[in-house]
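Put chain B on the given structure of chain A with help from the hints.
Going down the list, the sequences are from chains A and B. Residue numbers for the first sequence follow this note's numbering, so the first one is 5 and each next one is one higher. Residue numbers for the second sequence follow this note's numbering, so the first one is 5 and each next one is one higher.
Do not take every clue at face value.
Note that identical chains are pooled: a pair holds if it fits in a single copy or bridges any two copies.
Each computed EDC-like pair below joins lysine to aspartate or glutamate, with the alpha-carbon atoms no more than 20 Å apart [said to hold, decoys possible]:
| id | residue 1 | residue 2 |
| --- | --- | --- |
| 1 | Lys154 | Asp209 |
| 2 | Lys26 | Asp68 |
| 3 | Lys32 | Glu62 |
| 4 | Lys244 | Asp275 |
| 5 | Lys260 | Glu207 |
| 6 | Lys260 | Asp245 |
| 7 | Lys111 | Glu174 |
| 8 | Lys154 | Glu85 |
| 9 | Lys244 | Asp269 |
| 10 | Lys266 | Asp245 |
| 11 | Lys27 | Asp54 |
| 12 | Lys266 | Glu174 |
Derived by calculation from the structure, the hints in this document are not laboratory data.
2 protein chains.
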Amino acid sequence: MIGRLAIIGVGLIGGSLSLALKKAGMVKEVIGYSRTEQIHQQAVNLGVIDKSAASIAEAVRDADIIFIAVPIASMSSILVEIAESVRDGTIITDGCSVKVHVVTAAKHALGNNFSRFIPGHPIAGTEHSGTKAAYASLYQNHRVILTPVKQTNSRALSIVRSMWQATGAEVSDMEAEYHDIVLAATSHLPHVLAFNLVGMLAECDNCDDILQYAAGGFRDFSRIVSSDAVMWRDICLSNKDAILGLLRQYHQDLRKIEEAIKEEDGDFLIDVFGRAKQARDVRFNGNIN
Amino acid sequence: MIGRLAIIGVGLIGGSLSLALKKAGMVKEVIGYSRTEQIHQQAVNLGVIDKSAASIAEAVRDADIIFIAVPIASMSSILVEIAESVRDGTIITDGCSVKVHVVTAAKHALGNNFSRFIPGHPIAGTEHSGTKAAYASLYQNHRVILTPVKQTNSRALSIVRSMWQATGAEVSDMEAEYHDIVLAATSHLPHVLAFNLVGMLAECDNCDDILQYAAGGFRDFSRIVSSDAVMWRDICLSNKDAILGLLRQYHQDLRKIEEAIKEEDGDFLIDVFGRAKQARDVRFNGNIN
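Pulled out of the complex, with its shape left as it was, chain A reads as follows (with noise of 0.2 Å):
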C-alpha cells in the first residue's frame, strides 16, 4: 500500500498509473501536477486524481512515491525540480519510452537520491492522450520494463515492481541500454518509416490526392502517424544511436528485397515474407497485446 503518490504530469500515463491504483486499492492519496491549472481541475474532477499541487515542490514534498510521466524533453528539468525537494527516502520512478537518457540526466540531477531513482517504462498508450484519455485498465496484460542500474537501492525497485504488478501489467527488468534498442526496434523505426511514407505521399507531385485511395491496410500501417509530431521528435533525438543503426540495417535490407524484385527472385521475396508473416503470428496470437 502506498501512502502518497505524486504524479507529475497528469496525461494519459500518469492519469491512469493513478486510476489503477486506485481500483486496486493499493494507494491512499494521489496528488497530482500538471503545467496548467486547467489540466489540475479537469484531473480532479474527474477523479483521476485526489487533489492538485501547486508546484513541483508541493507535490513531491510528503510523496512516498514520485511518478514522472512528462514528454522526455522535460525529464531533465522537472528531475532538477524534483531534487530540490524531494524528502529522504522517497521513491522516484518514471514512464519514459526512452532510458539511457534519463537515466543519464537522473545520475545527474538526484545526486544522494539516484539510487531510489527506477528508470521504467510502460510499454502502452493509445493516439489519444492527455487526462481525458486516462483509463484504469491501459496496462493490464502490458509491459513495463524497469533498468535498473548497479547503484539501484533494490528495495526500492521491489516497490515499484509490485506498484506495476498491482495494475495488471507484466513487469520485466532489462538494461537501459538494451531497452532502448527494442524500443527503437519495435516503436521508434515504425513511426519513422511510416511517418515517412505518409510525409513522401502527402507531397507526391504528380499523385495528388493519391491518399483517398488508401484503404484498411494503409489505415492500420499509418495509425501511428496519428501521433504527436513534437513528441516523436523529441524521442527521435533521445534514442538517435539506437535509431540510427537499426536504419542502416533496414535500408541494408530492404535493398534486398528491391533487388529480389528487379531479378524476379520469387523464392527470396516467399522467403523474407513467409517468415515476416509467421514471426508476426507467433507475436499476436499470445495474449500480451
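Okay, now just chain B, sitting in the frame of chain A:
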C-alpha cells in the same frame, strides 16, 4: 438485373461480390468455379453461390457477366480458358490489384472479346481469405477502380459500373498505369516496408525474442504482414516498375530523416512528422474506409 453471373474463384473477393449482389437483388443466378471440389461444396452450402460448375467452360458458357477473382499469377491461363468457351456478348471483368499486367494479358488472350473486358479492382479485403470469409457488406463505402482502355465498349463499362454500385461501392475510372502507381503507393509499398521490418526483427542476431516487446502500435503497423506470402510475391513481380520507382523515392526521403536525426535537426523532423500526421488525419476522418 444480371441474369447469370459466373464467378471464377470463389474466395473472399468473388464470394463477397456474389453475396452483395444477391442481397441487392441484382442477380438472378450465380454460378461459381473454383479449382478445388471442397470449395465448390462449401460455397454452395454457405449460400455464397447458387451452383457450382465442374469447369471454367461450364461456368462461363451461358454467363452474362464473368467476374474473375483469382490470384494474379493465374490470370493469364484463366483468361485463355475463358476465351475458349465464352459466348459472344458476355462481359468479362476482374478484381486483380494490379492492372497493366492484367490488361496486357487480357488483350493477348481475349482477341475480339477484349472490348468487353472491363479491368477492375475493388479496394477492399481483410487479412482473412477464402469462401468462409466472404460477406455481403465487404464493398460498402469502399472504392472500386475501373481502368478501361480506348477499345473498351462503353455499354459494358457502364454495366460493370452499375454492378459495383449495387454493392455499395464508390466506383471511379482511372488509367491502368496510374492505378498501378496509386496501389503501389497505398498498398504494395506499405506491405513491402512492413514485411521488411518484421523479417529483419525475426532474424536479428543480438535481439532474440525482441518481438515479444512489440505493442499495439507495432501490431497495427504490421497487421498487413499477416497476408499470404505467395500472393504478395506475385503482386510485387506483377507491379515491379511502379514499386521500384516508389522505393527509390522512399530511400531518398528516409535518408533525409536519418540525416536530420544525426544532425539533430528537430525542425525538419517536426515538419515531416506534422505533415504526415495532418495528411493521415484528413484521410481517415472521412467516411470511405
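Verification of the supplied hints:
1. Taking the shortest alpha-carbon separations for Lys154 and Asp209, neither the intra-copy value of 54 Å nor the inter-copy value of 26 Å comes in at or below 20 Å.
2. Only within a single protomer do Lys26 and Asp68 lie at most 20 Å apart by alpha-carbon distance; the minimum there is 15 Å, versus 66 Å between protomers.
3. With identical chains, the CA atoms of Lys32 and Glu62 are at most 20 Å apart within one copy only, with a shortest distance of 17 Å there and 76 Å across copies.
4. Proximity of Lys244 and Asp275 under a CA criterion of 20 Å is satisfied inter-copy only: 18 Å between copies versus 31 Å inside one chain copy.
5. Taking the shortest alpha-carbon separations for Lys260 and Glu207, only the inter-copy value of 14 Å comes in at or below 20 Å, while the best intra-copy value is 27 Å.
6. When the C-alpha separation of Lys260 and Asp245 is checked against a cutoff of 20 Å, the pair qualifies only between copies, where the shortest distance is 16 Å, while the shortest distance within a copy is 23 Å.
7. Taking the closest pair of Cα atoms, Lys111 and Glu174 never come within 20 Å of each other, the shortest separation being 26 Å inside a single copy and 59 Å across copies.
8. With identical chains, the CA atoms of Lys154 and Glu85 are never at most 20 Å apart, being 24 Å at best within one copy and 72 Å at best between copies.
9. Only between protomers do Lys244 and Asp269 lie at most 20 Å apart by alpha-carbon distance; the minimum there is 12 Å, versus 35 Å within a single protomer.
10. Taking the closest pair of Cα atoms, Lys266 and Asp245 come within 20 Å of each other only across two copies (8 Å); inside a single copy the shortest separation is 32 Å, beyond that limit.
11. With identical chains, the CA atoms of Lys27 and Asp54 are at most 20 Å apart within one copy only, with a shortest distance of 13 Å there and 55 Å across copies.
12. In this homomeric assembly, Lys266 and Glu174 never come within 20 Å of each other (Cα to Cα): the closest approach is 45 Å inside a single copy and 34 Å across copies.
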